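Following the hints, position chain B against chain A.
These protein sequence lines are chains A and B, in that order. Heads up: the first sequence begins at 11 in the numbering used here, then just goes up one per residue. Heads up: the second sequence begins at 102 in the numbering used here, then just goes up one per residue.
I should point out that these hints are in silico values taken from the structure, not numbers from a laboratory. Fair warning: this is a prediction, and the values are worked out from it, not measured in the lab. C-beta: ideal position from N, C-alpha, C; glycine also. Do not take every clue at face value.
Said to hold, decoys possible - Derived pair list, reagent style DSSO-like, types lysine-lysine, alpha-carbon separation capped at 30 Å:
(1) K53(A) - K320(A)
(2) K173(A) - K831(B)
(3) K53(A) - K128(A)
(4) K173(A) - K990(B)
(5) K820(B) - K809(B)
(6) K819(B) - K809(B)
What the hints assert, rightly or not - Partial list, derived from the structure: chain A residues whose beta carbon lies under 8 Å from chain B:
(7) F161
(8) R179
(9) G270
(10) Y307
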Amino acid sequence: MSSSDASTSPLWPAPDPSAPANERALLPRRTEPGELSRELLGKVLRPPRWLGPAILVTGCMSVLLLAAVAYTFTTGIGVWGNNIPVAWAFGITNFVWWIGIGHAGTFISAFLLLFEQKWRTSINRFAEGMTLFALVQAGLFPVLHMGRAWFFYWLIPYPSTMKVWPQFRSSLTWDVAAVSTYLTVSVLFWYLGLIPDLAALRDYAPERWRRRIYGIFALGWYGSAAAWRRHRITYGLLAALAAPLVVSVHSIVSMDFAIGVLPGWHSTLFPPYFVAGAIYSGFAMVLTLMIPARSLYRLEHVITAAHLEKMAKMLLVTGLIVSYAYVVEAYLAWVGGDAFERHMLLVVRPRGPIAPLFWLVIACNCGSPLALCFRRVRQSVWLLFALSLVVQLGMWSERLMLIVSSLSADFLPSAWHGYRPTLVDAGLLFGTLSFFLFLFLVFLRFVPFIPVSELEAMNHELGEPV
Amino acid sequence: MKEPRLSPLVPEFHPGEDQAPDEFSRRHFLSYGAAALALAGTGLGACTRAPAEKIVPYRVAPNEVIPGRALHYASASTLDGYASGILVESHEGRPTKVEGNPEHPSSLGASSAFQQAALLELYNPLRIGGVSRNGASAARSALFAQLADIANVEQAGRGLHLVLPAFSSPLLADQLVRVRERLPESTVHFHSPVSRSNVWQGAERAFGAPLETVPDLRRADVIVSLGADFLASGPDQLKLARQFADRRRMSSKRDTMNRLYVIETNPSVTGSMADHRMAVPPSHVARLAAALLREVALAQSAQIPEQVLSLLASEPRISPVYSRFLGALGRDLLRQRASAVVLVDARQPPEVHAAAHAINALLGSSKGIIGYVASPIVGSEDPGFGSLRALHDALRAGEVRSLLSFDSDFVYASPASFDFAHLLGKVEQSISFSAFEDATARACTWRAPAAHELESWLDTRALDGTTSLVQPLIAPLHGGLTLSEVFSRLLGDNRSAHDTLRAAWLSKNPEHFQQFWETSLAHGVIEGSASTPDEPTLRWDFVGDLIHRSSVPDRIELNLELDSRVHDGRFGDNPWLLELPCPVTKLTWGNAALLSPELAHRLGIVDGQVVRLEAAGRSAQAPALVVPGHSAEAVTLTLGWGREGTTGNAPLGANGYALLSPLGDPPPLVRLVPTEKREPLAITQEYVSLGDLESAIFQSATLEEYQKAGQIGAEQRKKQLSLYTSDAPKAARQWGMTIDLNACTGCSACVIACQAENNVPTVGRDGVLAHREMHWLRVDRYVSGSGSATRIQLQPMACQHCERAPCEYVCPTGATVHSSDGLNQMIYNRCVGTRFCSNNCPYKVRRFNWFNYHTSDDPLRELARNPEVTVRGRGVMEKCTYCVQRIRKTENLARSEGRTLVDGNVVTACEQACPTRAITFGDIDDAQSRVALARASDRAFNVLNDLGAAPRTRYLAKLTNPNPELA
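Chain A with its partners taken away, still in its complex shape (with noise of 0.2 Å):
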């Protein structure tokens, strides 16, 4: 790409016949102009006969997060396990897991978008999607974990009549901002990527009253230069706003721990490491929706075995980190001699009632990524997918290992107490992932899931079909 070319904008590169060969990898058949959009949108068009009962089965499921969510509201948390001293548990522990998830949707489509890397294009759009889902599900607890949810506005700064403000040392009051202004970023950069394509659906549609929703949804879009070259800019810049996000949203929550003074939680370690355990959770989550739908929709030359093996050394790197952050964590406990600390450290997690979640923790965080240093590994799709579970459910654990190991064994022995969830508790978890999924579908249905245009341009970078 010679940037002294006149007739070229960086924000529309021309063809390079010199694009590497791992680039090329990306996008192994050259198709003619239009001919993958004609392809990628058919399936949303004409879906898959599997696809209208998936979606009644998991919309189904939901009713039971419905139910759950209902009977907490008219009886109280106390339908939950939770108890003092565990006085947060599941609640928390899916928060944290369901936010983290949605680091590697914004990770993938802000932060590889400006570092130009081109693997993104085919998964953002899945991943981006992922992101806002698995925010609706982590916004429920929030507000569900309240004794009296009714009154959740409290939390936010507003007005009030009465002049009282929500308390600015509580890092819950920084999450409301922290986990707003996420949604609110994520909600429009997704968008934003969209409109070309809802445009394309617009074109593209058999029946008048589909070329009508999709229309709506299109803002008008016509696809000038002019549109492009706005959209293209005001693209990087809310990639450049998303960006930082991926970072201050989990740190954020990780301060909901570590500004708390509980032995294991009162730790300046905690934002960076919850950072990487977010985004290492949420490249799974990627993979887990992504090897199946790539499967059932046929799209292996759009996502590619190429694509897996990035995501793969994207898992074992911030697998690395974590395990990097455990050792640490537990080091610095040792070191530091406080007695309270190094009994959770070092007595409470790996020898107490709680040991077989903490090894668990380890042998799904730590030793599991291990096996993607071997490149066989990483190209066996169905391992890829096996192991993309087994770090969600280590990562899930984590979130919950930590919250309650600290919780149930912090200070006086007099008041240390386990903890064990109940039927609402699973209900709740369960039913946010089939909610989750539904949604999930729903998108699958409606919405163009790998970007079309996006697509396009890279064939058309990449130059003739060979």
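The following block gives chain B in isolation, referenced to the frame of chain A:
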């Protein structure tokens, strides 16, 4: 200087109220506007209307009643016949809180958990509502006719049996004499499941009269308890605990401290205070008493008849495990002589009591620090007191024509083999007066309500004979009768209890009667009514029986005890007491087979495993609970549980009466059969070991270490570094608390006092199993060591009101904030229930309303609530407030009366109830206040000091005073 009244410099209104309530402000305009709109809406739009309720004001307002201001009345509460004075708080005619009466010698201002919980007993919705016959409701007149019929003079009471509780009332004693005169053929049985008959018989053996022992522990340097849990149970527990603690306050290291030896089976509250404790099976106590008597007697041989000495010398040697302990103990007693005292558990056989009397006499303490008074209990001279064998035999023989039982659930609380439920079926007329529909009420043909003590006119006596008048705080809620009214009916007298009582005292004090009556009622004690101490002479003829009492060889013994929460079962319907953790095991809502870790290990029994206890053909099943410090050769089961519920619910716990021997003989051997069944135990505290966290949480030292070092917790005296400076406004008074662990026995009276004062709900067994108990104040138990060296440390724990409170900065809505006078406040209205504050509380003293605990309350039970404390709804956090309602009330009162608060004006509920005055509350900025002095003590320490939260509640380290010979 006297605070000026309404001076312009003194803010006239409370902070936050910026104008007089009468002025019409913008706020008022808006609120009236809104109210008008709302009224218009409800009146015109929606056709709903609040149900019409009649409010009946006082037609003629009593002079003393000012609505909103509580009145206090002196009365007395009686347990097992022994009285202790109380002051009852009354709001607009309904009693809301019980406190101890400072003028009563047996209370000294303190109160027990039972007394505190009496309130819930009064308002218990399960109480019998009216008279019924054979299950169908009947008229009171029919009952009175029936009473007149069985008291028919012509019959002379033939075939009439009365089952009465133990009582000390002079009025009742007098009435009973007259009933017996009128109905000479009738028989009276006193029912007392665990009677003090052995105490009286022991005194009979030693002194020839049923005397009570009244020691003055303030003057005792060495105290030996042979199984007696004198600090937390028994007739004089409040006074003894105060006197014991008075010798442990150690306001400086030059003070002296008493030394306590405890020989017991099951670790008790008293055992946890012991400097030396030995766990032995119950039957060994007699041998140890004999051996101790020999140790003392051989050194005092001049005072003892020759043959007694030779008898004692012939006593076989005790096991070497005991002899070192006893040798050292004996020498310690002989060193202290007249300032040493031996106390004995009431269940021990009479000879052991006699032995203790002999030891005290030999040491000289019987002439000094111990007073002996005639027992105030009516019928104490009867050797069979409390046992119902005679009644059983009469029932079996078919001699009982009619039976009248008053307030004694003897069908349940008697050896199960008596099978009274079945035998009562043969009785023509049986009348039961009881508070609840208990087993006796169910077995009788007539069921009638008995009046609660807070509804009664009566008189009653304390252990030392001090007589109090019992006055009602409220008219009987269910038309219950007092025993004096029942006696009156039997005597053909229709006067009310009040008139009878007044007439009885009028005859004794015809001069200045009105003055006497009013003074006695106002003070709660009748002046000069205490018995004059006896000076008995010792007889030695018990020694033969003592040394012939052989201990049981090497088997597991059964130890049946009264329960610290339900007593003999009478409080089995009281949720406050049911949910009160046992001071030592922390078990709630039930009992368990308590056994030592060694025995559990040997038999392969674990906590919660159901075991079958088999003794002489009787058996009972209970979940096992391992108790460190329990005797390895015994298993303990507390009585009073496993009642067929009056609620229709399944019985709670295991019924120890099923194992009780009908002969009342010494503890039977028991076989422990483990079963496969498991039953979860509702225990509030699982972890009991402090390990290397001890120095941060519970500081203790021996007296010698303390005197040598001069202080405890020196590392805490260093100034803590902090990045933060406080610019919070500081009020003139800074509230703070200290808890002296050296005085605190862990008896848990404060827990119930707090619950009663602050409307703390109960959560039930399931709630405790889920670890959601709501007690604002709990007593933590820590255990170290094993066997007889087991150390039990009890530590009351409530909100510490940290100056830099970890809970405050994490609350997103500012619902927990600091007041300018140092209180960590909870703003219920602002709480959304994130529970972050609880997570961040290092002491875990915050309590969360997981459900709407209060809505399920019965309207009757609502009357027990303190109107000065908010009732918290679902989803809100709560915790100790330092009784902020009492602080504000006292402050406001002082301000309106134009006086300045002085130390001791503000008393928290826990402090007020505390029998040992271990809790001190006050203004820490007032250098002369008790709390400031205690905080400056060289034993003061903060729990979790290194966190830098600067707690306002400070603890004073526990000291032990071990015998150097046994160290």
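We went through each hint and held it up to the structure:
1. About 25 Å separates the Cα atoms of K53(A) and K320(A), which keeps this hinted pair within 30 Å; it holds.
2. Restraint check for K173(A) and K831(B): satisfied, since their Cα atoms lie roughly 23 Å apart, inside the 30 Å limit.
3. At most 30 Å may separate the alpha-carbon atoms for a hinted pair to count; K53(A) and K128(A) meet this at roughly 23 Å.
4. The hinted pair formed by K173(A) and K990(B) meets the criterion: a straight-line CA distance of about 28 Å does not exceed 30 Å.
5. Restraint check for K820(B) and K809(B): satisfied, since their Cα atoms lie roughly 23 Å apart, inside the 30 Å limit.
6. For a cut-off of 30 Å, the pair hint linking K819(B) to K809(B) stands: about 20 Å separates their Cα positions.
7. This hint holds: F161(A) has a C-beta 5 Å from the nearest C-beta of chain B, less than the 8 Å allowed.
8. With a least beta-carbon distance of about 4 Å to chain B, the hint placing R179(A) at the interface is held under the 8 Å criterion.
9. Look at G270(A): its Cβ gets to within about 5 Å of chain B, closer than 8 Å, so that hint holds up.
10. Among the interface hints, the one on Y307(A) is violated; its C-beta lies about 42 Å from the nearest C-beta in chain B, farther than the 8 Å criterion.
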